[in-house]
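Peer 1: What follows is each chain in one-letter form.
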Amino acid sequence: MTQRFSCTTCLSADKPLERFVADLPMETSFHRVETQEVKCEFGLQGCCCRLCANGPCRITPDSPKGICGADADTLVARNFLRAVAAGSGCYIHVVENAARALKDIAKEKGALKGLKALDRLCAKLEVSGSDIYEKAEKAADAVLADLYRPVFEKMELTKKLAYAPRYEKWEALGLLPGGAKSEVFAGTVKSSTNLNSDPVDMLLHCLRLGISTGLYGLMMTNMLNDIIQGEPEIRFASVGMRVIDPDYINIMITGHQHALFAHLQNRLTDDDIVKQAQAVGAKGFKLVGCTCVGQDLQLRAAHAVGLFDGHAGNNFTSEAILATGAIDAVLTEFNCTLPGIEPICDALKIKQICLDTIAKKANAQTMQYGFESRESDANSIISDIIEAYKVRRNDVPLNLLPEHGNDNTLTGLSEVTLKSFLGETWQPLIELIATGKIKGLAAVVGCSNLVSGGHDVLTVELTKELIAKDILVLTAGCSSGGIENCGLMTPEAAELAGPSLKAVCQSLGIPPVLNFGPCLAIGRLELIAVEIAEALGVDLPQLPLVLSAPQWLEEQALADGAFALALGLPLHLGLPPFVTGSPIAVQVLCEDMKQLTGGHVMINGDAAESAVLMEEIIMQKRKDLNLA
Amino acid sequence: MKRIMIETEKCKGCKNCAIACMKAHMPDGVPFSLTDTRLEARNVILLDKDKQYRPLFCRHCDNPSCIKSCMSGAMTKDSATGHVYYDPKQCAGCFMCVMSCPFGVLKPDRATKTTVIKCDFCKDHGSEPSCVKQCINQAIHVEEV
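Protein chains in written order, with this note's numbering: chain C, 1 to 628; chain R, 1001 to 1145.
It cannot be assumed that every hint is accurate.
Using C-beta positions, here's what the derived DEER-type ranges look like [claimed, not checked]:
| id | chain 1 | residue 1 | chain 2 | residue 2 | range |
| --- | --- | --- | --- | --- | --- |
| 1 | R | Gly1104 | C | Phe421 | 55 to 63 Å |
| 2 | R | Glu1144 | C | Gly69 | 35 to 43 Å |
| 3 | C | Gln36 | R | Pro1102 | 21 to 29 Å |
| 4 | R | Lys1010 | C | Gly69 | 40 to 48 Å |
| 5 | C | Gly69 | R | Asp1036 | 56 to 64 Å |
| 6 | C | Gln36 | R | Met1026 | 21 to 29 Å |
| 7 | R | Lys1010 | C | Gly509 | 51 to 59 Å |
| 8 | R | Pro1031 | C | Gly174 | 32 to 40 Å |
| 9 | C | Gln587 | R | Glu1144 | 41 to 49 Å |
| 10 | R | Met1096 | C | Gly69 | 19 to 27 Å |
| 11 | R | Arg1054 | C | Pro64 | 53 to 61 Å |
| 12 | C | Phe152 | R | Gln1052 | 30 to 38 Å |
Straight-line alpha carbon distances no greater than 27 Å define the calculated DSS-like cross-link-like pairs of lysine-lysine that follow [as the list claims (entries may be wrong)]:
| id | chain 1 | residue 1 | chain 2 | residue 2 |
| --- | --- | --- | --- | --- |
| 13 | C | Lys39 | R | Lys1049 |
| 14 | R | Lys1015 | C | Lys39 |
| 15 | C | Lys39 | R | Lys1051 |
| 16 | C | Lys15 | R | Lys1051 |
| 17 | C | Lys65 | R | Lys1015 |
| 18 | R | Lys1077 | C | Lys39 |
| 19 | R | Lys1133 | C | Lys39 |
| 20 | R | Lys1107 | C | Lys39 |
| 21 | C | Lys15 | R | Lys1015 |
| 22 | R | Lys1023 | C | Lys39 |
| 23 | R | Lys1133 | C | Lys65 |
Sample of chain R residues facing chain C (criterion: CB under 7 Å; computed from the structure) [claimed, not checked]:
| id | residue |
| --- | --- |
| 24 | Phe1032 |
| 25 | Ala1041 |
| 26 | Leu1047 |
| 27 | Asn1063 |
| 28 | Ile1067 |
| 29 | Lys1133 |
| 30 | Ile1136 |
I should point out that these hints are in silico values taken from the structure, not numbers from a laboratory. Beta carbons are placed, not taken as given, at the ideal position from N, Cα and C, and that holds for glycine.
Produce the entire structure from the sequences given, and follow the hints as far as they go.
Peer 2: Here is the structure:
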């Protein structure tokens, strides 16, 4: 019997996972929650400034200003803008790499798996060409040209990507972004020492970053990845740690850049590679999904048949997945790759390879993705992983959890597949909403964290509350990974829905929570909202649609949140984003934003109360649309 | 006689008091580090059931349970100041003081688990508690009792 590392693990909505982690002999994030329980109030409220050598300055009643004279409003807005800029930078890095990958593949006339997606993108961008490769290259060039524009030159595709009423609103408010990378640069400069002190200007800059993040970092990344890796297809799938098959050489991928391993993914099922795996006693290779890129693989699993085994879990499930002992290598291409996996990988002899130095792990090998070297890189990565498998498999005991997760989670939803499921029109969904069978839509998006009641606790409880109120839930992000492992994306979960949503789900054979996959899919949800709004002839803030990032974790989530506010949507957060120390920031985000864009932030850590707040908003919007 | 008084509602959980205590009680030859387990604070901030900060400091009790439970004479009360002092040379390491402290503020040392970590009211620093000096929220102060 192995000894537990400690008995102080945090709770999880996913009880089998909670018990599995509690019994582990190694330390995980779940174990560290208690030792980090006492948080500094200055940090929590955004009122600590260490931008200069006079700091850290902290705001108290006796010291209401930093040495430089900056007050709480300036401190908070600077800290918030820095975080949003960094979060935006993350997504812009992802879309830049996706566009570069598409351009490289197109130039070489390589495999493009999503030609309909290419046609749709080219139609949207008004790009034409003599063949698919010319079209793909031109589309990628148009995206890259926008990303690289200076801050004083507006991005050209914004108008083509945005919903017209929103574009006009943004134009009127002076929120149209310059080059996406330059906007991140400007946000970083603006929030540096003794520069901008205007909290409202900095909060408006966050909205600008939200627009470039949402339209390019989210929406465009999906479009590019769909062209390269194929489009989502609706299907039922196995989820959770049950998907791990120890008879294979298992590779867990973490990150957000599906485009970066297109070649490697294709190579892993080639005959010569499968034979190499068989020569060392494995049946072949499998990719085990984890974090958002796992959700991306899950959406596009139809294009990785025989290779992708399923999504095992979200960001804070990664340590547990590795602790099964059945993972032979971790390929890292971006966040959310916890530093906590590193000692586990060392202890269990799991090979770590980084495909992007942006996400370089301290004890990992770097194999920076490059299109020219993709073939030799893929071969080298594969042979390193085979070596790891040979060394570790006889040595490391397995600790599997085959009862974790379920076999009938509905996946593969996208703006295209859902519309197709409804008969190539949004009318059936609009009818269901109009007649009140579905009260409204709630997008439960973003990350998982461990401090909103525990791992996925608020997310899952809030989702249950919402569906019980006949509100259809759509998910994108690590929230998807948590909710699916808790079984809410199976048709049987209809039992947990309110009577009319339950009837809808049962007649269609669908769950009350629809899984759109990774956080990038917030861009897909935006497209759906736009198409529904278009069909109704209204602007986005008028829709009976609310957003929640109940367990937001990262700076990227804050950039997503800024996008939601720019879209004019009500945004619920389980924890405040380190802004409560500033009366102006709270006023602008929670109240004044309603007059600016139509959106606003509401913060509540209680699932039942939050669901009531969200329902009230939906009911008000229904009333304003003259719906019963 | 002086005691540290706590105004819980003023605490913001910044842990300045803990760092001040660590700095005031550095073992010889050990440089200050936030990762060296040999450095420990004699105070702690916990969260209560309502998630409110609960800073805990040694009360230097009038009838100290730690002294009553100490069989080796390592715990003594100074008759002039009323402060309870701990002498590691006298300590047998039974940790009955840790078990009996009603405030849960005593603990075995993290690095060797042979001695007790106990507030000495900064007697080597003029009996002016470093934690009090470093609290930027005035959540703790010294009062004559």
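Peer 1: Could you tell me whether the CB distance from Met1096 of chain R to Gly69 of chain C stays inside 19 to 27 Å?
Peer 2: violated, 54 Å
Peer 1: May I ask you to test the hint 30 to 38 Å on the CB atoms belonging to Phe152 of chain C and Gln1052 of chain R?
Peer 2: At 49 Å between Cβs, range violated.
Peer 1: Identify whether the interface hint at Asn1063 of chain R stands, where standing means a beta carbon of chain C within less than 7 Å of its own.
Peer 2: Not OK, violated: Asn1063 of chain R not within 7 Å of chain C, min 30 Å.
Peer 1: With the threshold set at 27 Å, check whether the alpha-carbon distance from Lys1107 of chain R to Lys39 of chain C stays at or below it.
Peer 2: holds, 22 Å
Peer 1: Does Lys1015 of chain R pair with Lys39 of chain C here, judged by a C-alpha cut-off of 27 Å?
Peer 2: Given pair Lys1015 of chain R, Lys39 of chain C holds - Cα atoms ~9 Å apart, limit 27 Å.
Peer 1: So the hint says 35 to 43 Å: do the beta-carbon atoms of Glu1144 of chain R and Gly69 of chain C match that?
Peer 2: holds, 38 Å
Peer 1: Please check whether Gly69 of chain C and Asp1036 of chain R have a Cβ separation lying inside 56 to 64 Å.
Peer 2: Violated: the Cβ-Cβ distance is about 37 Å, outside 56 to 64 Å.
Peer 1: Checking one constraint from the list: CA of Lys1023 of chain R to CA of Lys39 of chain C, max 27 Å. Satisfied?
Peer 2: Holds. Lys1023 of chain R to Lys39 of chain C sits at ~21 Å (cutoff 27 Å).
Peer 1: Are Lys1077 of chain R and Lys39 of chain C close enough, with their CA atoms no more than 27 Å apart?
Peer 2: violated, 34 Å
Peer 1: Range hint 21 to 29 Å: satisfied by the CB atoms of Gln36 of chain C and Pro1102 of chain R?
Peer 2: holds, 27 Å
Peer 1: Can you verify the interface hint for Lys1133 of chain R: is its Cβ closer than 7 Å to any Cβ in chain C?
Peer 2: violated, 15 Å
Peer 1: Take a look at whether the Cβ-Cβ distance between Pro1031 of chain R and Gly174 of chain C falls inside 32 to 40 Å.
Peer 2: Violated: the Cβ-Cβ distance is about 52 Å, outside 32 to 40 Å.
Hints 4, 5, 8, 10, 11, 12, 18, 21, 24, 25, 27, 28 and 29 from the earlier list are contradicted by this structure; the remaining hints agree with it.
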